[in-house]
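Colleague: Using the sequences provided together with the hints, build the complete structure.
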Amino acid sequence: PPAYAPQDPNPASEQINKVKNKPDADPDNRYAFLENFDTIFLIDDSGSMRGSRWREAYEAVRAISPICTKYDKDGIDIYFINEENVFQEVKDQNDVMEIFTQMEPHGGTLTGKRLSFILDPYMARYTEDPHGTKPVNIIVITDGEAQDDDQSAIVRVAEKLDKLKAPTHQVGIQFFQVGNDPRATSHLQTLDDNLKKKSTVDGNLRDIVDTVPWKRGGQALNADGILKAVLGSVNKRLDDDDLTPVRNSNSPLSTSRFNFLKFRKL
Numbered sequence: 124p125p126a127y128a129p130q131d132p133n134p135a136s137e138q139i140n141k142v143k144n145k146p147d148a149d150p151d152n153r154y155a156f157l158e159n160f161d162t163i164f165l166i167d168d169s170g171s172m173r174g175s176r177w178r179e180a181y182e183a184v185r186a187i188s189p190i191c192t193k194y195d196k197d198g199i200d201i202y203f204i205n206e207e208n209v210f211q212e213v214k215d216q217n218d219v220m221e222i223f224t225q226m227e228p229h230g231g232t233l234t235g236k237r238l239s240f241i242l243d244p245y246m247a248r249y250t251e252d253p254h255g256t257k258p259v260n261i262i263v264i265t266d267g268e269a270q271d272d273d274q275s276a277i278v279r280v281a282e283k284l285d286k287l288k289a290p291t292h293q294v295g296i297q298f299f300q301v302g303n304d305p306r307a308t309s310h311l312q313t314l315d316d317n318l319k320k321k322s323t324v325d326g327n328l329r330d331i332v333d334t335v336p337w338k339r340g341g342q343a344l345n346a347d348g349i350l351k352a353v354l355g356s357v358n359k360r361l362d363d364d365d366l367t368p369v370r371n372s373n374s375p376l377s378t379s380r381f382n383f384l385k386f387r388k389l
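For the sequence shown, the numbering used here begins at 124 and goes up steadily by one.
Just so you know, not all the hints are guaranteed correct.
Stated by the list, open to error - Here are the simulated lysine-lysine pairs, BS3-like style, with alpha carbons at most 30 angstroms apart: (1) K257 / K236; (2) K214 / K257; (3) K283 / K236; (4) K196 / K214; (5) K286 / K214; (6) K193 / K236; (7) K236 / K286; (8) K196 / K283; (9) K236 / K214; (10) K257 / K196; (11) K288 / K257; (12) K286 / K257; (13) K288 / K196; (14) K193 / K214; (15) K286 / K193; (16) K257 / K283; (17) K236 / K196.
These are calculated hints, taken from the structure and not from any lab test.
Modeller: Structure below.
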């Protein structure tokens with residue numbers, strides 16, 4: 124999507140601009156950009172994710188989650204496409220991984236429905252209180268093409284954001300592809316490049332989607348690639364700084380540390 128516009132009418136915009144304009148002496152400056160976002164993981168736990176793809180998803184979550192839990196001070200939220208529990212305000216990477224390992228891939232890939240489940244309430248809050256609603260960065264880890272109309276779900280949100288003149292970074296959706304299904308690659312690339320064709324509104328529909336394969340040429344993304352991918356849907360003006368490793372605590376999972384939200388079954 125377009126880089127941050129200074130006129131965006133949201134209090135987070137000023138903080139985002141300050142972060143991006145800080146001197147580069149502090150290597151963490153670029154990653155501090157994430158402090159201004161609520162981070163949501165949406166993980167594909169459908170049946171097609173079994174085996175090597177589930178292991179790739181594990182690797183991706185293990186690499187990405189330390190960055191996100193470090194900078195989202197109130198904790199990240201974790202959704203799965205089929206799992207009924209939502210894990211909110213998770214602040215420790217070890218807990219993220221423990222949650223992941225408790226899941227078993229099953230069911231279909233209704234990505235659009237789950238995105239709507241996440242974004243419809245968010246957009247209602249933003250419409251009611253645009254200045255008090257924190258921007259959101261949704262990281263989707265999936266192996267393939269959705270079995271429902273995920274394109275329309277995303278276009279609907281982008282159109283509403285345009286209508287409300289929301290900041291360009293208000294909503295970002297980052298797709299990580301695990302596995303190497305060429306149809307999935309094509310579909311995700313369409314989400315990234317061609318959603319404007321699905322819009323019913325004339326003019327330029329904002330770009331809120333970015334996609335990246337977890338592995339290129341058999342090699343997982345390096346640290347710099349991970350950083351760019353995590354921020355890709357909300358800020359594409361990133362340089363080649365190296366990623367600073369994140370130190371994690373070793374506390375065990377305690378379900379009392381999370382807010383569990385039971386939601387309706389598909």
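Colleague: Under the criterion that the straight-line Cα-Cα distance not exceed 30 angstroms, is the pair K286, K257 satisfied?
Modeller: Holds, at about 18 angstroms.
Colleague: When you check the alpha-carbon spacing of K288 and K196, does it fall within 30 angstroms?
Modeller: With a Cα-Cα distance of about 27 angstroms, the restraint between K288 and K196 holds, given a limit of 30 angstroms.
Colleague: Please work out if K236 and K196 have their alpha carbons no farther apart than 30 angstroms.
Modeller: holds, 28 angstroms
Colleague: Is the straight-line distance between the alpha-carbon of K193 and that of K236 30 angstroms or less?
Modeller: holds, 29 angstroms
Colleague: Tell me if the straight-line CA distance from K214 to K257 falls inside 30 angstroms.
Modeller: Between K214 and K257 the Cα gap is close to 18 angstroms, so the pair holds against 30 angstroms.
Colleague: Quick one, are K283 and K236 close enough, alpha carbons at most 30 angstroms?
Modeller: holds, 17 angstroms
Colleague: Regarding the pair K196 and K283, is the alpha-carbon distance no greater than 30 angstroms?
Modeller: holds, 28 angstroms
Colleague: Given the proposed pairing of K196 with K214, does the C-alpha separation stay at or below 30 angstroms?
Modeller: holds, 7 angstroms
Colleague: Holds or violated: K286 and K214, Cα atoms, limit 30 angstroms.
Modeller: This hinted pair is violated, its Cα atoms lying about 34 angstroms apart.
Colleague: Assess, step by step, whether the Cα of K288 is no farther than 30 angstroms from the Cα of K257, and give holds or violated.
Modeller: At roughly 15 angstroms apart (the allowed maximum being 30 angstroms), K257 and K288 satisfy the hint.
Colleague: Taking only the CA atoms, is the gap from K193 to K214 under or equal to 30 angstroms?
Modeller: holds, 8 angstroms
Colleague: Check whether the Cα positions of K257 and K236 lie no farther apart than 30 angstroms.
Modeller: holds, 22 angstroms
In the structure shown, a violation is registered for the earlier hints numbered 5 and 15, in ascending order.
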